[in-house]
Amino acid sequence: MRFTVNGAPIETTPRAGQVLRTLLRENEHYEVKKGCDAGDCGACTVLLDGGPVHSCIYPAHRLEGASITTASGLGTAEHPHAVQQAFVDAGGFQCGFCTAGMVVTASTFESTDDLPRLLKGNLCRCTGYRSIGDAICGVHNTERAAAGDAAGRSIAPPAALRVVTGTEPYTLDFTTTALLHVAVLGSPHPHARILSIDASAALAIEGVHAVLTHLDSPDVLFSTGRHENREDDPDDSRVFDPVLRFRGQRVAAVVADTVGVAQLALREIVVEYEELPAVFDPELARQPGAPLVHGDKGPASRISSPERNTVAELHGEIGDVSGAIAAAAAEGGGAVFSGVWQTQRVSHAALETHAARGWIDGDGRLVIRTSSQVPFLVRDELAHIFALDPGRVRVFTARVGGGFGGKQELLTEDLVTLAVLKTGRAVQYEFTREDEFTISPTRHPMRVAVTVAATSDGVLTALAVDQLMDTGAYGNHAIGVMFHSIHESVEVYRCANKRVDAQSVYTNNLPSGAFRGYGLGQVIFAIESAMDELARSLGIDPFEFRRRNVIVPGDDFVVTSVDEQSDLSMVSYGLDQCLDLAEGALDRSLVGPAGWPVGTGMALAMIATIAPRGHYATASVTVLAEDSYEIAVGTAEFGNGTTTVHAQLVASALGTTVDRISIKQSDTDAVSYDTGAFGSAGVVVAGRALLAAALQLRGLIATQGPRPGLTATASHDGSPRSVSFNVHAFRVAVNPATGEVRILQSIQAADAGYVLNPEQLRGQIEGGTAQAIGTALYEEMILDGSGRVLTTAFRNYHVPQFADVPVTEVLFADTSDALGPLGAKSMSEAPYNPVAPALANAIRDALGVRPHELPMSRDRLWRLTAG
Amino acid sequence: MDLVTVQSARVARERGDLALATGEVVIGGGTWLYSEPQEATGVVDLLGMGWEPVTRTADSWVIAATCTIETLRGLGPFFEQCADSLLASWKIQRVATVGGNIALSLPAGPMTSLAVALDATLVLWTASSERRVPAAAFVTGVRTNVLAPGEVVRAIEIPLASLHRTAFRRIALSPLGRTGTLVTGRRDAAGLTVITVTGGTTRPHRLAFDALPSAAEVAASVDAIDDWYRDAHGSPDWRRAMSLAFAEEVRQELA
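Heads up: the protein sequence lines correspond to chains A and B, in order.
0 is the number of the first residue of the first sequence in numbering that gives the first Met the number 0; add one for each residue after it.
0 is the number of the first residue of the second sequence in numbering that gives the first Met the number 0; add one for each residue after it.
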């Protein structure tokens, strides 16, 4: 068969069941991405004889004589297509994994009249679409800066032209000859013991190199969740475990010449299981007599109470909550409100699935290229599991296609390592989108009960939170998320009487894990809903009620003890400004369609600028030539924009422009250490280390001249820490007859300290808002009650499209934080947190009935008023 | 996605090619088949049959099964509304076929909605036989239909009279989401009124009235539907309620 790609002829014979996408990638057209492999996301869009098709569902047998154009055929970094340049100018991407398909699609638009329909087949998980719309409509949002003036400017990402032309490589976008592939047999049972595995028939298949099972697995317990201190997570997982605790857990893996051969060979593996009793509801799981998920674990695993399926719990009280509630109830004009809220299981839905490729390099070192937020932590844990010298392991990432916490895990690298060590060959393991839904950790579902009380003059006197979370079959992030969930959410209120009960419970559902906001969003949804109702009962405006009761400079951060003071302090404070900005921007005259009641709602959120318990970064800046520098930094770029900011910080410090800075990053060979890109640390930890290195280098240059090779290195230990604030406000119209919500106005005010890149920061806030709107209104992983995920594709799990996301007005508080580089604070997770409760409060205002469950889908809202 | 079980792909060019070997399945556009893992061992591509996508006779539109949804969309506003009820984007509409969507027989298949709404007749072929079935009788449940082994959808015959007056209502859980329920109505010159409910039920429902029904008659007919579907695109109680409301709106629009 002959066809052309970007004008160049290809002669090949596709496999019978092959699609255009994989054929193009096999011919090294890595600009064609896989987001879903099912025609839902559009990342693989190419032009076929001039018309756009989703190449992942287009049969390759039809290609005879066809002419294919990919993003790289539309234009090059030197000569970009007008649409590609427009995406650079507008700042129309973050991780950029959707961008190649987005620009190919947009290149066919003859009009911009109906972007919701035109962009229906292109999902972006990062931006919230405003900047994509701007790109298509020709709006310029990025700018150039004079030498020394980059900080504070809306500089485009250094990789922008490569991203829009599809030439920026992501995790799997490179060629490895003689590469082997892994396919995994998942458990058909939610809880079972493997009695026997017969892999002989699979091994006999031509092209199969190995079948790996628990018999090949190191007998080392670890956690897929990664933190600076590995003991922050329970040691409860193995590379392969003879006990299976959720459907889909690895039973065996085939290593073969192709993915297809490996998948077919899986069918030939014969496994005998002993099914075990299972539990799926965390409320039942913590009851006496419940089946135990990790009953076999001892103290060394650091599980709080394996005999009660409890990974972690916290119970504490300050003051007298019951007394305060009784007093408020007794006082004329005082108010008490109680409620129970439930949040759902959410998928990160980063467009690049988890994937890793490993090999042994020329020096005999193990090398893993992976889609990770934490390459150093992955390296260290691989060394631990496989008893390797960390110096003999290199882990690195290319640009990563989205993370949101989902890549603060060790999900593919351990299996790739085992396969590389067993076969001595280069091996790749790539998750499918279905894998992302069925075996990749999700956001923790939480049931949160809140009771609040206040005096007649609006002083909050009691705040009680009872949180129960389903951590699933393994405890990755089970402890950290639980503690974080009830920290800043509770601390932000000044209240004499507080009580917190929190419990993180194992079930035989798929594991939960780190997700943007790290537990705060779920609890903030409940607390901010309760505060709204309390203010309503008191007849006090919700903004005013917050002003009376939030912490202000001078207050302690208190969950349930004044003695729990840590390295957290209110170095800067912009919550007051955020409240004023959001309230001031609300237009209470906006109305919806006739007959749809309207409402307004707001909510606030506080978050620490850095994760607790240590976050370390080392960075260096080196002179390459006169006015040419290289920075080395450990953090990964996955749409967080830190790479842009790093270049800006260094360019400003050295009095140059960002194009004079080349960047080496996210590689355990690049710098000595970096904890990783989580907890929104990329600017405030790595960025601060980098700025310090740049300032040192400036000093060295002043005395020694810009001598090539001159280098400066600096570190930061992530302590002390400050706090950031976000306030979101909505005005909505709701149709009680159908449950439809129309967002008439969306405003977010953010206290991010000094704003290093206004356009990027706006994008982070819009993207966090869009993701949270997905959580608030649409997204829901549905399980069948016995651990089986029913929503295994984007067509059944509604990630927001262009049509679903309103434009959000983004407002910045005018603050500067002494801890951050040039006064900046982190702002990646935070924008997500106030959105769902603000929307719930607006819907409550419109309907007169309070939603307690996410997502606030049309059927649920209809039931609220129809029932 | 690559279909790893598929060992052969052949293009059907004449009617005899429609005889399927064990494990073979036919594709129109292929947009669904390649979107999920399959067990099929062979693919037979109907696009090689070269069927004329759209033919107009004296009294009907004859839509080839291999006509793309995009082409069908151009036939008029009602066709456009149904085409845009496809969850997938306009890019998929360029490849996905009308017959493929009907043969897939998903509750939310918008081409099923269209065919039932307009009282279409489906022409079913094997390599050597042909029969006709009313569209309303074709889909029997979620992913089940009356196709016999080896039988394919050849064409959809839509009476022009069915387009005399039409009404359309649809809702999903998101603005452009997969159908929660889709209610159509039509009224012909003689007064025959047909209301259809699809998308929110496991199989299509055709409610026919000799004359414009009363609100109570419509409500009773919709209320008699007993197979409201539960999936990620809506709960049964909501689907029922939306269908009841839409059916009444449709009735009023046709009055």
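One or more hints might be untrue.
[Said to hold, decoys possible] The calculated label-pair distances, taken between Cβ atoms and stated as ranges, are: (1) A:848 / B:248: 56 to 64 Å; (2) B:20 / A:139: 35 to 43 Å; (3) B:248 / A:757: 46 to 54 Å; (4) A:848 / B:219: 23 to 31 Å; (5) A:81 / B:12: 48 to 56 Å.
The set of hints was computed from the structure by calculation and includes no laboratory data.
For glycine and all other residues, C-beta sits at the position ideal for the given N, C-alpha and C.
Consistency of the hints with the structure:
The given range of 56 to 64 Å is broken by residue 848 of chain A and residue 248 of chain B, whose C-beta atoms sit roughly 25 Å from each other. For residue 20 of chain B paired with residue 139 of chain A, a C-beta distance near 58 Å fails the hint of 35 to 43 Å. Between residue 248 of chain B and residue 757 of chain A the beta carbons are some 47 Å apart, a value that agrees with the proposed interval 46 to 54 Å. A hinted range of 23 to 31 Å holds for the C-beta pair residue 848 of chain A and residue 219 of chain B, which are about 30 Å apart.
Remark: the range hint 48 to 56 Å for residue 81 of chain A to residue 12 of chain B is contradicted by a beta-carbon distance near 42 Å.
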